[in-house]
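J.: Sequence:
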Amino acid sequence: QVGLTTLSWLITAYVGPQTDRATLISFCQKVKPAGPGWTDIRAEAGISDAEIAQENRVGSAFVGWIAGCALIWGSLFAIGNFLYASGDPKRLTMAWVLTGVTVVSGTVLLKTTQQLWADSGASQAREDAKRA
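Here the sequence shown is numbered in the numbering used here, starting from 1 and rising by one per residue.
Hint data in this document are derived by calculation from the structure and do not stem from the laboratory. Accuracy of the hints is not assured; some may be wrong.
Stated by the list, open to error - Distance condition first, Cα-Cα at most 25 Å in a straight line; then the derived SDA-like pairs of lysine to any residue:
| no. | residue 1 | residue 2 |
| --- | --- | --- |
| 1 | 111 | 90 |
| 2 | 30 | 17 |
| 3 | 111 | 69 |
| 4 | 90 | 75 |
| 5 | 111 | 31 |
| 6 | 90 | 104 |
| 7 | 90 | 102 |
| 8 | 32 | 64 |
| 9 | 32 | 66 |
Produce the entire structure from the sequences given, and follow the hints as far as they go.
T.: Laid out in C-alpha cells, this is it:
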C-alpha cells in the first residue's frame, strides 16, 4: 500500500507540469523555507541564508509537536486509568503519573507555542518594516 502510494506521487511529481516559478518565489518570500532543496528559489527571491537562519524554528516546532503528542496521549491514558482503577493502587498511581505528564507537556506546549507565535509576530513586524 505504502509502496504504491509512493510510486504514484513520484510519477506525478516528475511527469506532471512544473509549478510556476513566480508561485515558488512568492511562496518562498512568505514562508522562507529552510533546507537545501530551496536554495535556487531562495536566491531568485533575494532571501539570504542569514534570513533563513533567523526564521528557522524547526527545532522549537519539533519540541511543540512532541509536547502535543505527550499531552494528548498522557491525558487519554490518564483518564482511562482513572476510569478503570476501581481500587487498584497500581492503576491509580499510573493515572496520577500520567496526569503529571499531561500537565508538564501541556506547559511545555503552551510555552513553545507562545514563543513560536511571538517569533512569528516579530518576523512579520520585520517584514512590514522592510516594506515601509
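J.: Which hints, by number, does the structure contradict?
T.: 1
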